[in-house]
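Sequences listed follow chains A and B, in order. So the first sequence is numbered by our numbering: it starts at 19 and just counts up by one. So the second sequence is numbered by our numbering: it starts at 1339 and just counts up by one.
Please keep in mind that the hints were generated in silico from the structure rather than gathered at the bench. Keep in mind that a hint or two might mislead.
[Stated by the list, open to error] As a list, the in silico DSBU-like pairs of lysine-lysine whose alpha-carbon atoms are at most 35 Å apart:
id: 1; chain 1: A; residue 1: K27; chain 2: A; residue 2: K75
id: 2; chain 1: A; residue 1: K89; chain 2: A; residue 2: K75
id: 3; chain 1: B; residue 1: K1395; chain 2: B; residue 2: K1443
id: 4; chain 1: B; residue 1: K1411; chain 2: A; residue 2: K27
id: 5; chain 1: B; residue 1: K1353; chain 2: A; residue 2: K75
id: 6; chain 1: A; residue 1: K88; chain 2: A; residue 2: K75
id: 7; chain 1: B; residue 1: K1403; chain 2: B; residue 2: K1443
id: 8; chain 1: B; residue 1: K1347; chain 2: A; residue 2: K32
id: 9; chain 1: B; residue 1: K1347; chain 2: A; residue 2: K27
id: 10; chain 1: B; residue 1: K1395; chain 2: B; residue 2: K1411
id: 11; chain 1: B; residue 1: K1360; chain 2: B; residue 2: K1403
id: 12; chain 1: A; residue 1: K88; chain 2: B; residue 2: K1443
id: 13; chain 1: B; residue 1: K1395; chain 2: B; residue 2: K1353
id: 14; chain 1: B; residue 1: K1411; chain 2: B; residue 2: K1443
id: 15; chain 1: B; residue 1: K1353; chain 2: B; residue 2: K1411
id: 16; chain 1: A; residue 1: K27; chain 2: B; residue 2: K1443
id: 17; chain 1: B; residue 1: K1353; chain 2: A; residue 2: K89
id: 18; chain 1: B; residue 1: K1353; chain 2: A; residue 2: K27
id: 19; chain 1: A; residue 1: K75; chain 2: B; residue 2: K1347
id: 20; chain 1: B; residue 1: K1347; chain 2: B; residue 2: K1411
id: 21; chain 1: B; residue 1: K1353; chain 2: A; residue 2: K32
id: 22; chain 1: A; residue 1: K27; chain 2: B; residue 2: K1395
id: 23; chain 1: A; residue 1: K32; chain 2: B; residue 2: K1360
id: 24; chain 1: A; residue 1: K32; chain 2: A; residue 2: K89
id: 25; chain 1: A; residue 1: K32; chain 2: A; residue 2: K88
id: 26; chain 1: A; residue 1: K75; chain 2: B; residue 2: K1403
[Stated by the list, open to error] So the derived list for chain A, only partly shown, Cβ under 10 Å to chain B, looks like this:
id: 27; residue: D44
id: 28; residue: N46
id: 29; residue: T114
[To be verified] Between beta-carbon pairs, the in silico distance windows are:
id: 30; chain 1: B; residue 1: S1350; chain 2: A; residue 2: M59; range: 18 to 28 Å
id: 31; chain 1: B; residue 1: S1378; chain 2: A; residue 2: K32; range: 24 to 34 Å
id: 32; chain 1: B; residue 1: L1448; chain 2: A; residue 2: T23; range: 27 to 37 Å
Cβ atoms here follow ideal geometry from the backbone N, Cα and C, with glycine treated the same way.
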Amino acid sequence: NAGVTQTPKFRVLKTGQSMTLLCAQDMNHEYMYWYRQDPGMGLRLIHYSVGEGTTAKGEFPDGYNVSRLKKQNFLLGLESAAPSQTSVYFCASSHTDESNQPQHFGDGTRLSIL
Amino acid sequence: AQRVTQPEKLLSVFKGAPVELKCNYSYSGSPELFWYVQYSRQRLQLLLRHISRESIKGFTADLNKGETSFHLKKPFAQEEDSAMYYCALSGTHMNSGYSTLTFGKGTMLLVSP
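Pulled out of the complex, with its shape left as it was, chain A reads as follows:
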């Protein structure tokens, strides 16, 4: 099992460009999450999904959209990239939202916006 796979691993964008980050998991998990990680800020939840066809806003959703058309995939979109969105993006998944269930993380996508 690959677990959680994120593509691409690196990307450089110009301000105003759009792009989509892909997260795929092969563990049949119901729940998926997108975080951003910035120095000194820890991981901050952008959006999450509790099942196929559902999405919900996390604490920092502005400037991002997501879709969960298939259970195994969770896409994070930037419609018009801004320098403030330069970050490392992590996807995670979990079997349920039961509080004792751990989240499994991908390797991250390092995104730079010029």
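Assemble the complex: chain A is given as a structure, and chain B must be docked to it using the hints.
Chain B alone, transformed into the frame defined by chain A:
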């Protein structure tokens, strides 16, 4: 609102010294707490969770509800323990009613030979 505080950005110790990474939380309900670790060039992974009351790689953490703390401890640090450590709280998210994780800002542990 739920909050996790890790007061130290960096903790530097020598090999064999005891280690304590501090974590305090704020949550109105019954907390579920975790420690995640990110080694250099590796993905974030679960280290331990309070509900299991387990010891992983020599690390332990006890939930102290009176002090609202969940400090991570190890009696004798090893060089391979050098990593970024995140304390996380599982709580009900205001938007949906589902549980999500709130992470602290992390503490970098450096263990020198």
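For each hint, the structure was consulted:
no.	hint	verdict
1	A:K27 to A:K75	holds, 24 Å
2	A:K89 to A:K75	holds, 18 Å
3	B:K1395 to B:K1443	holds, 22 Å
4	B:K1411 to A:K27	holds, 33 Å
5	B:K1353 to A:K75	violated, 43 Å
6	A:K88 to A:K75	holds, 18 Å
7	B:K1403 to B:K1443	holds, 21 Å
8	B:K1347 to A:K32	holds, 32 Å
9	B:K1347 to A:K27	holds, 26 Å
10	B:K1395 to B:K1411	holds, 11 Å
11	B:K1360 to B:K1403	holds, 14 Å
12	A:K88 to B:K1443	holds, 32 Å
13	B:K1395 to B:K1353	holds, 15 Å
14	B:K1411 to B:K1443	holds, 18 Å
15	B:K1353 to B:K1411	holds, 14 Å
16	A:K27 to B:K1443	holds, 23 Å
17	B:K1353 to A:K89	violated, 45 Å
18	B:K1353 to A:K27	holds, 34 Å
19	A:K75 to B:K1347	holds, 28 Å
20	B:K1347 to B:K1411	holds, 16 Å
21	B:K1353 to A:K32	violated, 45 Å
22	A:K27 to B:K1395	holds, 29 Å
23	A:K32 to B:K1360	violated, 40 Å
24	A:K32 to A:K89	holds, 31 Å
25	A:K32 to A:K88	holds, 29 Å
26	A:K75 to B:K1403	holds, 29 Å
27	D44	violated, 15 Å
28	N46	violated, 18 Å
29	T114	holds, 9 Å
30	B:S1350 to A:M59: 18 to 28 Å	holds, 21 Å
31	B:S1378 to A:K32: 24 to 34 Å	holds, 30 Å
32	B:L1448 to A:T23: 27 to 37 Å	holds, 30 Å
Comparing the model with each numbered hint stated earlier shows that hints 5, 17, 21, 23, 27, 28 do not hold.
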